[in-house]
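Trainee: Read off the chains here:
Protein chains: 4
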Amino acid sequence: MLVTPRRPHDLYSVTAFSHPDFTRPQLAAAPEARFVPAPADGVLPEAFFSTTNLPTYVKVGDTWRMPREPRMDSALVLAKDGELWVREGRHVKKGDRVAVGAHEDGSEGIYVHASAFLGDAHGDGEFKFMSSEVSREKPIDYSLMARLLIEERDRGGYPLWVCGPALVHSRARNDMTWFIRNGFVGALLAGNAVAVHDIEASIFGTTLGMTGQGEATQGGHGLHMRAINKVRAAGSIANAVRDGIITDGIMHACVTANVPFVLTGSIRDDGPLPDVVTDALEGQDRMRRHAIKATMAILIATALHAIATGNMLPAFVTESDGSLRELATICVDSSEFVVSKLKDRGTHQAFGVVTNAQDFMHILRLYVERELDQRKLAMPAARDLASAR
Amino acid sequence: MLVTPRRPHDLYSVTAFSHPDFTRPQLAAAPEARFVPAPADGVLPEAFFSTTNLPTYVKVGDTWRMPREPRMDSALVLAKDGELWVREGRHVKKGDRVAVGAHEDGSEGIYVHASAFLGDAHGDGEFKFMSSEVSREKPIDYSLMARLLIEERDRGGYPLWVCGPALVHSRARNDMTWFIRNGFVGALLAGNAVAVHDIEASIFGTTLGMTGQGEATQGGHGLHMRAINKVRAAGSIANAVRDGIITDGIMHACVTANVPFVLTGSIRDDGPLPDVVTDALEGQDRMRRHAIKATMAILIATALHAIATGNMLPAFVTESDGSLRELATICVDSSEFVVSKLKDRGTHQAFGVVTNAQDFMHILRLYVERELDQRKLAMPAARDLASAR
Amino acid sequence: MLVTPRRPHDLYSVTAFSHPDFTRPQLAAAPEARFVPAPADGVLPEAFFSTTNLPTYVKVGDTWRMPREPRMDSALVLAKDGELWVREGRHVKKGDRVAVGAHEDGSEGIYVHASAFLGDAHGDGEFKFMSSEVSREKPIDYSLMARLLIEERDRGGYPLWVCGPALVHSRARNDMTWFIRNGFVGALLAGNAVAVHDIEASIFGTTLGMTGQGEATQGGHGLHMRAINKVRAAGSIANAVRDGIITDGIMHACVTANVPFVLTGSIRDDGPLPDVVTDALEGQDRMRRHAIKATMAILIATALHAIATGNMLPAFVTESDGSLRELATICVDSSEFVVSKLKDRGTHQAFGVVTNAQDFMHILRLYVERELDQRKLAMPAARDLASAR
Amino acid sequence: MLVTPRRPHDLYSVTAFSHPDFTRPQLAAAPEARFVPAPADGVLPEAFFSTTNLPTYVKVGDTWRMPREPRMDSALVLAKDGELWVREGRHVKKGDRVAVGAHEDGSEGIYVHASAFLGDAHGDGEFKFMSSEVSREKPIDYSLMARLLIEERDRGGYPLWVCGPALVHSRARNDMTWFIRNGFVGALLAGNAVAVHDIEASIFGTTLGMTGQGEATQGGHGLHMRAINKVRAAGSIANAVRDGIITDGIMHACVTANVPFVLTGSIRDDGPLPDVVTDALEGQDRMRRHAIKATMAILIATALHAIATGNMLPAFVTESDGSLRELATICVDSSEFVVSKLKDRGTHQAFGVVTNAQDFMHILRLYVERELDQRKLAMPAARDLASAR
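Chains as they are written, first to last, in numbering that gives the first Met the number 0: chain P, 0 to 388; chain F, 0 to 388; chain S, 0 to 388; chain H, 0 to 388.
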């Protein structure tokens, strides 16, 4: 039996793909892109071109060029030095040259290479079962995800982990710590709550006053406040690690293993911890510094942070040789809704895993450990083979 | 701004569509379909063709013919009188001639007209937001659904209503009763629980022992058992209505308004009520007698009955003149999951409404009433116009 | 910090508990229970006492006695030989003596020992976080569940496994097979779909036409029908195993390891397989034969079968010495809703695990294997110790 | 049949309740509360008392006093003028006198009057169906909610409305506008997205590029960015209303009807609009200015804003005469999860309505309109009666 052509947004398509053929008459005949100065700081010209997260080509000086730092919902800015950037409207200055246009087909000098990703995905007109994109009824290919993670690590990739507090409430905390310590995390993006509950667990052994067995404790509702207060007294999470207040867990691992983290604030935050970036725009800028470098994204149990990150991630990775591949994006949530919402906000490349975050982490780690064991076993043989030559 | 071409499975496409062009070389050159006798009662020949719910054409005697009583997951049987039927495997008798084949493109004499329904649905390769099919974030077009219902009633259609007990727990019971009394229900398909809770509400004013305000009552857990017992003593629901035991509600309306109902049994049933068809196969046969006549389907708050009905419904209605239109299928549930599951089981034409069943019923009735009021207001004018001619 | 008193329905309370104190004035002064003959076959006297799943004591001949085969939503029948039974109304014959009464406090000779289970669960009036009963945010104590399973096996318990098809769609199929083969399954209760997809997987390598990696296959929508047809041709699942048609998986393990299974039918069923009990009442009777023996229940990814089983399970196990302990009932589902619904239908003792069924099975097996390994390691030492004495 | 005592956290209990009896020996003998100076700005003394949202009494100068501006997760500060305040840790200054203590029973001079709210809620030890607190299966009492809203308006209450973008995606926008225009909204708390989609709808007729019928539009993904840009160019939402850019909808109604709104920022925000408070702490402070005045809260389709508001709301209203009543808190969401999460974060008084936000708004408005009509009809009669005296 034939397996149908792989859907572009599933995990199997994490392969290089081709640039468009610019000799096609439609593209060959396209005009130059038009740029108009921004009327004021943080205000775009009326007809500005609104970007997507897909590979985008802009005709400037008779060549098709890709802008740097691609993301959706932003503007194309032609800098004075001729460099082309994707910039959020609020970062555009009065007089900056901003591309205008409403079409993505090249007819206004801007071409969005959508077909590569969104191509002939569903249109095969065949009667099928199980054709929905996100469903708890689909098997989860942990083995593939484990291999992807190991390959990212081995080639020096930069996997973003974006996590919600479910990761800490449950025992996934140990597994996340393991991933950090073992080099699988490029950067951790999260909110105040992840760090608070992780630190509460380190100091008091509870999360939101609940034991590791899920029992509420007497006086437990104040423990996260006490944890916050201790870190505020220490001045920072790093200080609290240094002072022996925080002795294990996710934040401890980030600090001791030098894995960068960004904790962005929200109106739900208690405290907050001193490390939290409370301004949303400053928070976005800090997150984006990591998003620009991302070669993979794992979004776990958070709608807010997942969609925020999805908004600023390109759907693809640009290799150093200019070639492109899809940016593998895994979104884990208990319900189909968060994954569908992420896709509905434009992060089409997201591959949905509908499960409990704790269980996901545990099995993923298990598969990574198994794969590493197998590779270790296979290695001496490979070395023997090499030395025999 | 241009609205994108309507998706074939949304409610807007409830329009006639064309038969395939059989003069196309691929179809013109197709061989006759091949039929093989069934080896035993209820057993199909190995290579049997497994049907879908889409328009299907079988080449017999050099003509392309559509089988009668189409549904998915069944066999094509050529009767002795030359009539072509879709039959569940268990109804096939030893020696019945059953179509064989694995391809749906005509190359084995069987053509499934999938493109009409599943055509170029998604494959436009454009970057878009909100492209998921089923989402609580999509607006619900009650106005359109109200018009569809009224049109079905006015042209003598046969809308199937397939309901779960949420309809009775909540106050939607009154609204459902209104739809039955006012001619909008061709037949009601449900389980024991719908009737039990409806009758409990008529006799005791509670459902599962809960008042209409959601309060549990003392001794309430036994009230549905008492309701069942009373009807068992009376011998049938109709008897209980006649004897004044059941005085209002959904089942009362069905009995007094002569709307047929099928109550199929399940292993969850208490009692059951005497009217319940406890054998699942006999239950399917009874349901299918209505499914064959259906011109519309409204599936509310039930995974079991919705998928069961979806399995036996064609995706289309065959008009008396042989033309086809999509069978409008509305699936209402609190979560996206049930609707997606229904689609994943092959009922692609289902249009999902993600909301609370009680609220759905209340607003739908409101819109139907408004639309009827407006038509009543418009009518005299129309009559004046006619008389003026 | 103090851990709050354990909630009676959580897994930690699987301990023996006391019978009521019948010397309390209220109970000592209670009248004899009153019995009234059933007016007709399958019809109870109007004022019949409706049972619960809790320990129930009936005053007959001046002693408080517990009825045999306890379950909810049924009647108390005093047999001619003086034995007291819990019987579904439909099984009561004309003239059978049925207990009447509306109160559960002994005042009519019937006492329901509710406090033991439902006691002072929540009423401690303390401000707490995380006090909801079922939440995906609660940690899952796999270690405890693994120990419970092993203990049940070691003492010759009878754990019921009640499963939905999610178990087969996903790769949990291997893990379920492992549990069957290793003696952890007393009986398997499921529907047609579980067996169909399991057998489809054995024969074609797909479930609902989807590969183990979640890809739809060409022509895949018919594969489950072909699987069914092959078993229908063979006559039964056992025959198909014998004939080498089914070579692995869940049903294969049940047949070869002599683990009894009951496949009950529903109106959603394709086929069905020859082993399916299509009559819902006959299906309930077959299920109950196992429910009566149950000492533990694991309900996975099925609302229909879980609630059906919950309806017929007592909330407690009666040990051979007459002592009682809670019947550990674990309900696994992707959403809180199914677990809450099960509880709302009276199965208060259910302990909810909100996760993906596939992941649950994988981790549970892992923990059971680890626990067995540890016990094996510990055993020689124990034996040494013993021989040294 | 008896209705069980109302659960304290349901809507029916919005009644006055008593202060504790301070002559009880336990309380009469209680020591004075102890206060310790804060060691630094924004840092609390180690053993600080962590507040709840329940009525709290602090023994100072031999009297039991209630602190002002109660909320959970904060500290009790005794000001120099002897006034007692609830203050977030970050607002505490070095040297401020902060109450210490771990017990809420008065034994350290602090008494939390929990029983009034959380009392004997569940502990009646009776077997019942439908005892879960939040369920889509429970009826929704729109009639009661309509009366509460009208009563709040009539007595000059201050109902907070806290809304997520689902309110705007769907047609609930009209209904929300109606509530604002008709005096039912004390203040609106929301995020950037609510305002952006509302303004997109006013300017372009779409939300997230989707028409009111749920169709994606060509180029639609950029429309919300164009809407934001127009308001940024205008300088503020009020300016954009004044300039005729925004001509209808929710924000238009707030501006023209002088209903205060707070738009707080998040890392998900596009733009943002100029009115958005991007700093999370400044945002909390702005929200709390309204929370302090709140006499009712309606939280619709937002986890983030609902929990943020729940964190800063007392569970009760203090009337001008010092008497207390529960602060009616309605939480509307498509899933039980958000409501349970809100409760699990301590907002126990929340009453859950599990439905689609659009449908909720439509029916609630209908019921309010009906109730107003009935009162209008009743009024002349009342006036006649009065004049007849």
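Among the clues, some could well be false.
[Said to hold, decoys possible] BS3-like, lysine-lysine: derived pairs with alpha carbons at most 27 Å apart:
1. H/79 <-> P/229
2. P/79 <-> H/58
3. S/92 <-> S/58
4. F/79 <-> F/58
5. F/229 <-> S/92
6. P/229 <-> H/229
7. P/79 <-> P/93
8. H/229 <-> P/92
9. F/92 <-> S/93
10. S/92 <-> F/92
11. F/229 <-> S/229
12. H/292 <-> H/58
13. S/375 <-> F/79
14. F/92 <-> F/58
15. F/92 <-> F/79
16. S/229 <-> F/93
17. P/229 <-> H/292
18. P/229 <-> P/58
19. H/92 <-> H/229
20. P/93 <-> H/229
To be clear, the hints were calculated from the coordinates, so they are not data collected in a lab. Bear in mind the structure is a predicted one, so any value in this text is a computation, not a measurement.
Trainee: Look at each hint and say if it fits the structure.
Mentor: Results for each hint:
{"no.": "1", "hint": "H/79 <-> P/229", "verdict": "holds, 26 Å"}
{"no.": "2", "hint": "P/79 <-> H/58", "verdict": "violated, 68 Å"}
{"no.": "3", "hint": "S/92 <-> S/58", "verdict": "holds, 22 Å"}
{"no.": "4", "hint": "F/79 <-> F/58", "verdict": "holds, 16 Å"}
{"no.": "5", "hint": "F/229 <-> S/92", "verdict": "holds, 16 Å"}
{"no.": "6", "hint": "P/229 <-> H/229", "verdict": "violated, 45 Å"}
{"no.": "7", "hint": "P/79 <-> P/93", "verdict": "holds, 13 Å"}
{"no.": "8", "hint": "H/229 <-> P/92", "verdict": "holds, 16 Å"}
{"no.": "9", "hint": "F/92 <-> S/93", "verdict": "violated, 42 Å"}
{"no.": "10", "hint": "S/92 <-> F/92", "verdict": "violated, 39 Å"}
{"no.": "11", "hint": "F/229 <-> S/229", "verdict": "violated, 45 Å"}
{"no.": "12", "hint": "H/292 <-> H/58", "verdict": "holds, 25 Å"}
{"no.": "13", "hint": "S/375 <-> F/79", "verdict": "violated, 68 Å"}
{"no.": "14", "hint": "F/92 <-> F/58", "verdict": "holds, 22 Å"}
{"no.": "15", "hint": "F/92 <-> F/79", "verdict": "holds, 13 Å"}
{"no.": "16", "hint": "S/229 <-> F/93", "verdict": "holds, 15 Å"}
{"no.": "17", "hint": "P/229 <-> H/292", "verdict": "violated, 32 Å"}
{"no.": "18", "hint": "P/229 <-> P/58", "verdict": "violated, 56 Å"}
{"no.": "19", "hint": "H/92 <-> H/229", "verdict": "violated, 42 Å"}
{"no.": "20", "hint": "P/93 <-> H/229", "verdict": "holds, 15 Å"}
Comparing the model with each earlier hint shows violations of hints 2, 6, 9, 10, 11, 13, 17, 18 and 19; every other hint is respected.
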